[in-house]
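So the sequences go chain by chain: A and B.
The numbering of the first sequence is our numbering, which starts it at 1 and goes up by one.
The numbering of the second sequence is our numbering, which starts it at 1 and goes up by one.
Hints are computed from structural coordinates only; laboratory data are not their basis.
These numbers were taken from a predicted model, which means no experiment stands behind them.
Careful, some of the hints might be misleading.
Calculated from the model, a selection of chain B residues having no Cβ within reach of chain A, i.e. all distances over 12 Å [unchecked claim]:
(1) V83
(2) N94
(3) S100
(4) E103
(5) L107
(6) Q121
(7) G140
(8) S213
Here are the computed distance ranges between Cβ atoms for each label pair [claimed, not checked]:
(9) B:G140 - A:Q366: 28 to 36 Å
(10) B:R113 - A:P382: 58 to 66 Å
(11) A:Q290 - B:R113: 32 to 40 Å
(12) A:G286 - B:R113: 36 to 44 Å
Even glycine gets a Cβ: it sits at the ideal position worked out from N, Cα and C.
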Amino acid sequence: MYLLRLALASLANRRFTAFLTAFAIALSVCLLLAVERVRTEARASFANTISGTDLIVGARSGSVNLLLYSVFRIGNATNNIRWDSFEHYAKDPRVKWAIPISLGDSHRGYRVMGTNSDYFTHYQYGRQQHLQLSQGRQFANDPFEVVLGAEVAEALHYKLGDTLVLAHGIATISLVKHDDKPFTVVGILQRTGTPVDRTLHISLAGMEAIHVDWQNGVPARGAARISADQARTMDLRPTAITAFMLGLNSKIATFSVQREINDFRSEPLLAILPGVALQELWGMMGIAEQALFVVSLFVVLTGLIGMLTAILTSLNERRREMAILRSVGARPWHIAGLLVLEALALSVSGIVAGLGLLYGGIALAQDAVQSNYGLFLPLAWPSPHEWTLLAIILGAALLMGSVPAWRAYRQSLADGLSIHL
Amino acid sequence: MSQPLIELHDLVFAWPGQQPLLNIPQFRLEAGEALFLKGPSGSGKTTLLGLLGGVNLPDQGEVRLLGQNLAELGQGARDRFRVDHTGYIFQQFNLLPFLSVQENVELPCRFSRSRAERAAQRHGSIHQAAAQLLAHLGLGDPDLLARRADTLSIGQQQRVAAARALIGQPELVIADEPTSALDADTREVFIRLLFDECRAAGSSLLFVSHDQSLAPLFDRDLSLAELNRAAKPREA
């Protein structure tokens, strides 16, 4: 391909402009792919947050709200539900397993969740994956034991045997601490890429114990205080929890159980299907996500128009080059081909450099993104979808390249061999 | 009598919407001949070269190159015919600045298979053909071959352009004011080298210039103004 050699040599002769043009394309391609990858991964990790759970039940509010606080640890429950409501459904013959959840406390910005051992047995995320301990064990009989999510342990540098104090409420800086009843780290979970990583898990008894001497939402004072050791001897059965998750024996029963819970007589309850609520939630975020995609598409278009401008501007000053080529036997379609190849070379190098920037960026930011946003960006080969996008960009570049090619074709027909000085 | 290389018959040409610029009843260039064609600027010289190259076609009459009527060929075929049989040298800035000297000389062989074949036949390879032609034209330094064309002096560049016109032994070399950028001494040296190489390659030379002082060096000299009936009377 001698034309390619000529196109590259001509580009190298204008290397500064060519570099800038390719760089603009590279940046736009990198941006588009980054947006695309974050979008895809966010959606995937979103959908993978919870699986295998048929129903989530909480106090009556909105389904998205219930999903947010019970699964994503975002926002607050409007109300608690009674323990006997949980027991009522936990014993229902159609229910295979039930996980109680009690929320409301935190530790340095990370949420604390009270639950029982069924959580470790039945909770699933991703593709039906169960929680795994990377170190230690589940909390056992002692109420003051805590199992940390992977990110909590990593970010706060906790190891087994460390003690920590929980704070009342969920603000990052809490004025009211349960400092009379410290907890001991007995286990650390493996990373899941879900909000579980950012959660401290304690037993329901522990949750009850730290609040046992509280009255009307404030800690007891003086003689009314109950020490940790005293609490251990007390009956720590909870009276209320925040929500619970249900796994049913038969999926077919899901809707009838849901209806039944929603019509529960003794307390207003709301049961949601996690998948449906997830979709609803994603639909709300979908607009922002699509806007981002459209913006990055326009950035790519801008990059390509920059290339078009650069090539078109060069055409006039390259009339001599074209005439020389014509005089040594290049036909008009050779000249047109030369310009298409030029556009191709610019866009291919832009795309390759864009991929380089993307992977370099992912490699650099992977850890920070994971720990700050819980989003794992894999250093994987472009997906078929991404290849399609790249092919479309290349196609658009060729289309753009055909504009100066056509002009040069006409120009070289008109100019012939004469060289305008 | 052998076939003439160029033959014009009753040629009339006008640019659209203008008076006829060229009206040439008869013109011949014999094979192996070196002809000086005197033409001041504005005399229709460039247009005539465009007609000889098949870039434009005459309104009337015919242009025959090696017996072939160019009007009978399609656009693409005319382009191919031109590069197969004609080498060009222009006034200056003949070379692609971003290619090496060597590559510039080889350019016609990239677009014409017959010239590539002839070059390879005579010199062994295109590469050697370029190197030998350049050596004959006084550019034998191997370091020079790899240099960018725009690092050479104007005189050197014109010799590179001559080597490029001659590679693959085209039947015709058209030189359009090739010496106007050269000083008087290099001018004559250049023309003599060009003669030698045209003779060695068996090419005819059509040398177009306004500089009458060069005419005595050639086999024959003609004035475009005399050939062309459409020429305006010269101003006093």
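- Query: Of the hints stated earlier, which fail here?
  - Reply: Of the numbered hints, 1, 2, 3, 4, 5, 9, 10, 11, 12 do not hold.
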